[in-house]
Amino acid sequence: MSLINAPSPHTSRQSDTGAVMRQVVYATLPGLAVLVWQFGLGSLLNVLWAVLVAVTCEALFLRARGKPVAFYLRDWSAVVTAVLLGLALPPTAPWWLTLIGVGFAIVVAKQLYGGLGMNPFNPAMIGYVLLLISFPVAMTQWIAPGEPPALADSLALFLGQTPADAFTGATPLDTFRTWAGDADALAGREILAGHVAGPGWETVNLAFLLGGLYLLARRIITWQIPVAFLVGLALPALVAHQVDAARFAGPLFHLFSGGAMLGAFFIATDPVSAATSRLGRFIYALLIGLLIWVIRTFGGYPDAVAFAVLLLNLAAPFIDYYTQPRAYGHRKANKGANP
Amino acid sequence: MKGVHPAEHKAVSNQTPIAPGPRPSQLVLPLNMHLGAPARPIVAVGDRVLKGQMLAEPAGAVSAALHAPTSGTVVALGPRPIQHPSGMDALCIVLEPDGEDQWAPRQPVADHTRLGPGKLVAMLRDAGVAGLGGAGFPTSVKVNLGDHQRVEQLIINAVECEPYITADDRLMRERAGEIVTGIQILQYLLNPHDTLIGIEDNKPEAIAALRAACADSDIEIRVVPTKYPSGGEKQLIQLLTGKEVPSGSIPAQCGVVCQNVGTAWAVKRAVRDGEPLLSRITTVTGDAVARPGNYEVWLGTPVADLLRHAGVDRGRLGRLVMGGPMMGFTLHDPSVPLVKTSNCVIAASTEELPEPPPEQACIRCGACAEVCPANLLPQQLYWYAKTDDFERAQHHNLMDCIECGACAYVCPSHIPLVQYYRYAKGEIRTQTAEQIKADRARERFEARQARLEQEQAEKEARRRARLEANRKKQEAPADSNPGAGDEKLAALKKEVGQASSAYKAAVKAAKTAEAQETDNAAELRARADSLKAEADRAKAALRDAKAGAPAAPAPTPPPIPDASSAPADPAAGAPAVDTEGAAKRQKRLKALKTAYNIAHKQYKEAHAALERAERGGQESDEAITAMHTKVEKLKGKANHSRDALDALMEQAKADILARTGKDLKTLKLDAARAESALRDKADELARRRDTSDADTLETLNSELDALQEHAQLTRLALKTAVEEQGLVEE
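Top to bottom, those sequences are chains A and B. For what it's worth, my numbering labels the leading residue of the first sequence as 70, then goes sequentially. For what it's worth, my numbering labels the leading residue of the second sequence as -10, then goes sequentially.
Calculated from the structure, these hints are not laboratory results. Note that beta-carbon positions come from the ideal geometry of N, C-alpha and C, so glycine has one too. Warning: the hint list may mix true and false statements.
Unchecked claim - Per label pair, the in silico range of CB-to-CB distance:
(1) Ala430/B with Gly183/A: 40 to 48 Å
(2) Gln83/A with Ile31/B: 51 to 59 Å
(3) Gly183/A with Val212/B: 45 to 53 Å
(4) Val212/B with Leu121/A: 53 to 61 Å
(5) Ser238/B with His264/A: 33 to 41 Å
(6) Arg433/B with Asn403/A: 52 to 60 Å
(7) His264/A with Ala197/B: 57 to 65 Å
(8) Val212/B with Gly215/A: 44 to 52 Å
(9) Ala384/A with Pro68/B: 55 to 63 Å
(10) Thr376/B with Leu181/A: 43 to 51 Å
(11) Gln83/A with Val212/B: 42 to 50 Å
(12) Pro347/B with Ala384/A: 29 to 37 Å
(13) Asp428/B with Ala384/A: 35 to 43 Å
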């Protein structure tokens, strides 16, 4: 009789990391669908190509590191990174842009740090920022909403055979930045004439919000990060908007434009690079939201999710030191880096 | 309270009534069935024992007795594998039942209130009652709190939150009355303000049974939601009272005592029926047994016997767990015995409790932190345990982990977190123990060191005090006038002068005495030697003082006997004796005297010749004038010589005055006086020799001796003084 000799507990909830990651991928599908609807098939091509690149890079590097490839690929983490970066890239991105960004994210930002769980920075955002800094023009062009290019055009864009200029227009965030302070000019901009934040973009964000709510319902993520993220973004916007409506966009505009919802529910919630405790995560995400508003309003870039997330990744261990929960039987929570 | 909801699997075993357990051929009774010191055996191999007879007595305050679950023979007393995760051996009493199940005499107590609490506590201790919930803490200790400790709540733990286990559930359904009696005995002992039974809402039958049994009592039944681990002592206390047991203390410290329902039942049996703890209800469950259910098993029954009794299918058995699936441990060897804390045996098939999946990377998802009932951060603790960062682990309150396993249960990466925590806790305990040991060793060493130093210091202090006392005694006169440097130097010079003159005098005296073969020659010689040493010391001190040497108190020479009365003890200071100068002076003195004598003689002769010539008148005037001139010249020369001689004498006398403090005349006078005093004394002695008694004579004799010595010394001093200056007396 050979009996299993194992430490307690002897039973476990039927879940694994791969399942968690797959849920995240599923939750992005509404957002992806709306992106395709509003901006053409470019986003879908990006995502598929990114997944292919990511899985290949991950497999090659796992092999090089002498790790069991199939076992680690089953955690689906490379797929999640690829999907998130693919969604963040402009639909006009040529194949090589995605290749560089995803390859860098998987190889440098993740595997070189020791693989899943060891990366201090969100790999997708590292890839995104690398591209944003290296190829600012390609990274800041977006297709005008509601006029998606045909499949052939999308393919041509993806293959880099057509210059993107023919299809691109300013995003609502760009537009507001340009005309901020001029109420009349802002009123005349068609791109801003949506329900809350310009046509197309508000729908995309709504779709990501839905996906995020699904993750919350499935308890894949907890409420602290998305709520704090959105509060951190909306609260300063609300205050500033009260002061000068023409100079500062309103909170709803901020919440439903750019990468706000994607960032709040999918990017900032990456647990590996986020803060740990409930309070820590709340503070972490609140500061991300605040930083996004600051960069959007006063900075040189139209959107700022990637920068804000990476900066707070950097601060996460520090936040952790000061946000330990109060343990049972203790009057106060322990604080500080060292005992 | 946070926690998890694992699948219950309770219906597998709670559908049938409690059945009698197996009647094994051997019972193995570990001496450490309970928490605390192992019991001390009081039977020997070969003894026949009756059911309920004590086999081992409690050893120490925290310990419990052990009894024979049935009548039989003690066949062995030695190490056997016991119920421990490590599969270790421990000392066991092995009993072979005789099948008669013959009781030893029992003393049931119908009304426990007639007994004092002390008596009841002793009864529980002798009955071997220990916590049946899991820890096996001796009940007699837990109910014996002392008068100063007020129990606000007595909590009866009927939660049974682990999946699979239904032993308490069946016990409550079937023996609620006995349990309530047991609770009332506990109430009598603890006198709590409130008595609460905590029970999960997944046991409606048990709740109903308890409600009926508690109908006219002050026991309150509190139904709590089904959630693991609400049956943990600290968690239940928090759930029912809102209190948190402070980290590192026990519930009694916050006015709460927690007892398991099974323990309450055992208390009742021990008191009301006089039956020690001989058996318990154990759940046997799992896919691999044909008759899962609850069995009342004798303590010491090997697990294998119970499994056979329940119809185990050995082929299906994949994992054998003692305890629940959350906190139990796997057994390697089914021969280990069931003990007081064995509430469940799970004989699971491999499909039911499969091999754990391989451990994946921690993605810090925080699922563990969401369920941790101690409100820790398991994901952080995992990192710290894995990297041996025990300080941080403790900073994150690792030691408050109750090892409930909720974190590992929810971990999507299948990390055996509890295993990591146990490892880190073990290391920390070892380190702490070693630290304590090292601290004690250091304290011992430091204490010894301090003691030695103190002894040394005391020794030193005593030595100093002694030295100081000696110095004070010796220096009292010298110290009375601690003048400035010059004054000191002068004093030293004086000392040197005194010492060396005393020495020289002594030498002279000794020499004289030797030459004259006097009786006290040897004594004088010895005195001379000691005086020389003293003089040398004084010279050295003077040298040191002149060289500006540290003002260390120069060892003052010991007082010379009678030196104070010696004439060589003058008052004035003087330069050191210059023997060379004295010799020179003596030579010169002689030369001057000779010169004077010659000149005086020539003058006299010349003067006489002149008078003869004047009286004769035969010489011419010129010749007489020349003779006059010659006389005058010789007279002048003689006068001159005389003056020089006088001057030298005066100088010598002045020197004597300077050196001895007395002028030559005084010295002479002293000597004369001493001589006359000596003579007087001698006369007195001679006069009184026949009339006086012995004492007086002795006094007189010693006075005479002293005077004799005095006279001799004065003589010597005079002689020395004169000789030193070259003034040889005629």
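Hints versus structure:
1. Checking the proposed 40 to 48 Å range against alanine 430/B and glycine 183/A shows it holds: the Cβ atoms sit about 42 Å from each other.
2. For glutamine 83/A paired with isoleucine 31/B, a C-beta distance near 52 Å keeps the hint of 51 to 59 Å intact.
3. Between glycine 183/A and valine 212/B the C-beta distance comes to about 49 Å, which sits within the given range of 45 to 53 Å.
4. The hint said 53 to 61 Å for the Cβ distance between valine 212/B and leucine 121/A, and at roughly 56 Å that hint holds.
5. At roughly 59 Å, the beta-carbon separation of serine 238/B and histidine 264/A lies outside the given 33 to 41 Å, and the hint is violated.
6. Taking 52 to 60 Å as the suggested C-beta distance range, the pair arginine 433/B and asparagine 403/A does not conform, at roughly 33 Å.
7. Distance hint for histidine 264/A and alanine 197/B: a CB-CB separation of about 58 Å, consistent with the stated range 57 to 65 Å.
8. Under the hint 44 to 52 Å, the C-beta atoms of valine 212/B and glycine 215/A, about 59 Å apart, miss the expected range.
9. Separation of alanine 384/A from proline 68/B is about 57 Å and conforms to the stated range, judged on CB atoms against 55 to 63 Å.
10. Distance hint check: the CB atoms of threonine 376/B and leucine 181/A are about 20 Å apart, inconsistent with the given range 43 to 51 Å.
11. Range check, glutamine 83/A to valine 212/B: Cβ separation about 29 Å, and the 42 to 50 Å hint is violated.
12. The hint said 29 to 37 Å for the Cβ distance between proline 347/B and alanine 384/A, and at roughly 33 Å that hint holds.
13. At about 39 Å, the beta-carbon gap between aspartate 428/B and alanine 384/A stays in the expected band of 35 to 43 Å.
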